[in-house]
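Q: We have chain E already, so just place chain G on it with the hints.
Chains as they are written, first to last, in my numbering: chain E, 1 to 413; chain G, 414 to 679.
It is possible that some hints are incorrect.
As the list claims (entries may be wrong) - Derived coverage of chain E by chain G (criterion: at least 3 residues anywhere in the stretch with Cβ under 8 Å from a Cβ of chain G; other residues may be distant): (1) 76 to 85; (2) 96 to 108; (3) 156 to 168.
Stated by the list, open to error - Pair ranges (Cβ atoms, derived): (4) V598(G) x R89(E): 50 to 58 Å; (5) Q430(G) x A204(E): 20 to 28 Å; (6) G620(G) x R93(E): 53 to 61 Å; (7) E273(E) x E674(G): 44 to 52 Å; (8) R133(E) x V429(G): 17 to 25 Å; (9) V536(G) x P110(E): 16 to 24 Å; (10) E138(E) x V429(G): 52 to 60 Å; (11) I546(G) x D137(E): 37 to 45 Å; (12) V475(G) x S158(E): 55 to 63 Å.
Derived from the structure by calculation, the hints contain no laboratory data.
Yeah, the Cβ is synthetic: ideal placement off N, Cα and C, and Gly gets one too.
If you want the building blocks of each chain, they are given just below.
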Amino acid sequence: MSESVIAFDGVWKKFRRGEHHDSLRDLVPALVGRFTSRRKPALDDNEFWVLRNVSFEVRPGQALGIIGPNGAGKSTALKVLTRILKPTRGTARLHGRVGALIELAAGFHPDLTGRENIFLQGAIMGMRRDDIRRRFDEIIEFAGIPDFIDTPVKRYSSGMNARLGFAIAAHLDPEVLLIDEVLAVGDYNFQQKCYARLEEFRNAGIPIAFVSHNMQAIATLCDRVMLLRAGQEPIIGDVPTVLAEYVSSKGSLADPRLRVLNAVITESTSGNELSGPIPPGASLVLDIEIAAEVPLLRCGVLLQVVRSDGLMIFTGMSTLDGLPEIDLQPADRLRARIQFSASVLRGTYMVNVQLVDTLRQWSAAVINGVCSFVVTETTRVSGCAELQPSYDLSVARSSMPLVSSQSVPSGRL
Amino acid sequence: MNQLIADCREMLTEQVQYRDLLYEMTRRDLLIRYKQTIMGFGWAVFMPLVNTAVFSVIFTRVAPISTDVPYPLFAFCGLLAWNFTASTLRSSVTSLTSNAGLVTKVFFPREIFPFSAMLVALVDLVVGSSVLIALMAWFGVAPSRYIVYLPLIVVVHVVFTAAVSLFVAMANLFYRDVKYIFEVVITLWMFATSVLYPVRTMAGRLGTVLRLNPMTAIIDGYRDTLFGARPPDWASLGPAALLAVVLLLAAWVQFHRSEFEFAERI
Numbered sequence: 001m002s003e004s005v006i007a008f009d010g011v012w013k014k015f016r017r018g019e020h021h022d023s024l025r026d027l028v029p030a031l032v033g034r035f036t037s038r039r040k041p042a043l044d045d046n047e048f049w050v051l052r053n054v055s056f057e058v059r060p061g062q063a064l065g066i067i068g069p070n071g072a073g074k075s076t077a078l079k080v081l082t083r084i085l086k087p088t089r090g091t092a093r094l095h096g097r098v099g100a101l102i103e104l105a106a107g108f109h110p111d112l113t114g115r116e117n118i119f120l121q122g123a124i125m126g127m128r129r130d131d132i133r134r135r136f137d138e139i140i141e142f143a144g145i146p147d148f149i150d151t152p153v154k155r156y157s158s159g160m161n162a163r164l165g166f167a168i169a170a171h172l173d174p175e176v177l178l179i180d181e182v183l184a185v186g187d188y189n190f191q192q193k194c195y196a197r198l199e200e201f202r203n204a205g206i207p208i209a210f211v212s213h214n215m216q217a218i219a220t221l222c223d224r225v226m227l228l229r230a231g232q233e234p235i236i237g238d239v240p241t242v243l244a245e246y247v248s249s250k251g252s253l254a255d256p257r258l259r260v261l262n263a264v265i266t267e268s269t270s271g272n273e274l275s276g277p278i279p280p281g282a283s284l285v286l287d288i289e290i291a292a293e294v295p296l297l298r299c300g301v302l303l304q305v306v307r308s309d310g311l312m313i314f315t316g317m318s319t320l321d322g323l324p325e326i327d328l329q330p331a332d333r334l335r336a337r338i339q340f341s342a343s344v345l346r347g348t349y350m351v352n353v354q355l356v357d358t359l360r361q362w363s364a365a366v367i368n369g370v371c372s373f374v375v376t377e378t379t380r381v382s383g384c385a386e387l388q389p390s391y392d393l394s395v396a397r398s399s400m401p402l403v404s405s406q407s408v409p410s411g412r413l
Numbered sequence: 414m415n416q417l418i419a420d421c422r423e424m425l426t427e428q429v430q431y432r433d434l435l436y437e438m439t440r441r442d443l444l445i446r447y448k449q450t451i452m453g454f455g456w457a458v459f460m461p462l463v464n465t466a467v468f469s470v471i472f473t474r475v476a477p478i479s480t481d482v483p484y485p486l487f488a489f490c491g492l493l494a495w496n497f498t499a500s501t502l503r504s505s506v507t508s509l510t511s512n513a514g515l516v517t518k519v520f521f522p523r524e525i526f527p528f529s530a531m532l533v534a535l536v537d538l539v540v541g542s543s544v545l546i547a548l549m550a551w552f553g554v555a556p557s558r559y560i561v562y563l564p565l566i567v568v569v570h571v572v573f574t575a576a577v578s579l580f581v582a583m584a585n586l587f588y589r590d591v592k593y594i595f596e597v598v599i600t601l602w603m604f605a606t607s608v609l610y611p612v613r614t615m616a617g618r619l620g621t622v623l624r625l626n627p628m629t630a631i632i633d634g635y636r637d638t639l640f641g642a643r644p645p646d647w648a649s650l651g652p653a654a655l656l657a658v659v660l661l662l663a664a665w666v667q668f669h670r671s672e673f674e675f676a677e678r679i
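Extracted from the complex, chain E is given alone in its bound form (with noise of 0.2 Å):
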């Protein structure tokens, strides 16, 4: 028996842009076309690759995150190892019972009731009828739907249904995980059940592929990334490298009102240019070099910091901090040196540059993702600002024999 694995080997796979030939009026021409000019070239004039040489291999107790912007192959990566689209070229291998959480409420019939729906929907994933049933109340138990069971899945809410789509799957003893972006359902509770189920399944050894968008999800569960780029070779690494990447090229779409010259990130106590990770609380200088193409005027510099997953760290404007207001013409240059502090906890954060306008509060020019920074500790819990906190902890020994009730300490009870 081989070990389970999710992998891909030199995986390509082409689309086609517009309509295939859907009718019989088009079949003519298409078969005549197959006849004449036998062996087609690698990639036709509307057809396109979706997956280029696309390689990776996840073991036991590994995870890899899959990202990328909308339409850069995350679920037809998914799709090519569930078997449900054949790779062009290159082959994915899957061993093991295969858990696909992808659309988890699919075979849901809106006219049947939970129950009815649980075994439905259990057998499309591939469960046995006996393990559905012997699994039963665990799943409405997983759901928290006990009392609605009975109640066709149509008067159900979209939470609820996502939830028992999801009790579900959760209850599928796979040996290999697949997961399309299917979290961002239910409420916030439902979702930490969520993600500790599937560090669970991780922490068993199983191997998950996870497509998310949710880059803090990914840092949490992954070891690895791979980031897809429409048209281009994929990405892979650790995870704060490849997030540093994806976040930077995102959005470093420029604004047309004004050109970037230079853009560097220095870490402020060596004067070195910013490579790899940095510790919370290490001040940066960003240093920035914009050329202007039309007048903007009576301009603020803006400052905002935003975490991979869209959380927003911190915004401020150089007006609010009693700098006098800058106008600007036609190919004049704004040289801006920004120093802050990095006082967040680990993530990878983006860095947003704007001019605004501080007569009529709007954007004049917006630099999105300037420049990215990633941060590691590993002495915190879990949030997002350091705090730096002291603990200042003291014990009192009581000489009296302790009684739990009356130790409490003192004051209203």
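A: Quick look at chain G alone, frame taken from chain E:
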């Protein structure tokens, strides 16, 4: 040839692996069909009964024709058997396209869709048989020893229907014209089959052509084995059985091989 054997093995393994899904899909379709209805399974026999009544008036009063058994029994038996094929095919044609969400998102053998459509129709057939038995009792028609061949007829019928259902489901996925053509073909096909009149007694070239229709062989086979007058007509049933097996093999292998294109072409 080795490829063919490997494919067949894979097809069967998948069916065994997903047998619970076939059961659940069939159950789903049956449950949905009769939810929020008062007559429930009564609908399974309602249409054949209405048709039998209508055609009995036409073929016994307006334009009488001679049949071995009382005409209502003749017609009901024909309609019941025909409906199994017709309703299987009718559900199969759109079974893949109307489940696009599943076809593009979740992996499992796609044959499940036409096969579960067939099992649903098979349940209708069984329910309808109880009415057939009641009619036989009413008209005093009893089966003879030839009834031992009945299971064979059922098998040929099921194999043939399965083959055609795989084919139409797959064809409609690639070319949506199929579902429109289907309605025309199924109507013409019914009148070219001995559902409402005996093709066997038809003379001339037209009769010869119509007797090539495997559905005629199958439906006449039901009547022969159930009503006890004579053994099945092996000369027409044999080729029909052979055709059914070959068709099923061809359609299933083709279905299996093009399965991976379904998600892209749907």
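Q: So, for every hint listed, does it hold in this structure?
A: Right, here's what the structure says about each hint:
1. Residues of the segment 76 to 85 of chain E lying with their CB closer than 8 Å to a CB of chain G number 5, which satisfies the three-residue condition for coverage.
2. Using a Cβ-Cβ cut-off of 8 Å, 6 residues of the segment 96 to 108 of chain E lie near chain G, which meets the minimum of three, so the contact claim holds.
3. Closer than 8 Å: that is the beta-carbon criterion, and the segment 156 to 168 of chain E has 0 residues meeting it against chain G, so the requirement of 3 is violated.
4. Between V598(G) and R89(E), the C-beta spacing of about 40 Å breaks the proposed range 50 to 58 Å.
5. At about 23 Å, the CB distance of Q430(G) to A204(E) agrees with the hint of 20 to 28 Å.
6. A hinted range of 53 to 61 Å for the beta carbons of G620(G) and R93(E) is consistent with their spacing of about 59 Å.
7. Between E273(E) and E674(G) the C-beta distance comes to about 51 Å, which sits within the given range of 44 to 52 Å.
8. For the pair R133(E) and V429(G), the supplied restraint of 17 to 25 Å holds, since their beta-carbon distance comes to about 20 Å.
9. Here the CB-CB span from V536(G) to P110(E) is close to 22 Å, well matched to the stated 16 to 24 Å.
10. For E138(E) and V429(G), the hinted distance range of 52 to 60 Å is not satisfied, since their beta carbons lie about 27 Å from each other.
11. Taking the beta carbon of each, I546(G) and D137(E) are about 43 Å apart, inside 37 to 45 Å as hinted.
12. Restraint check, V475(G) to S158(E): a C-beta distance of roughly 58 Å satisfies the suggested window 55 to 63 Å.
When the structure is compared with the earlier hints, violations turn up for hints 3, 4 and 10 and for no others.
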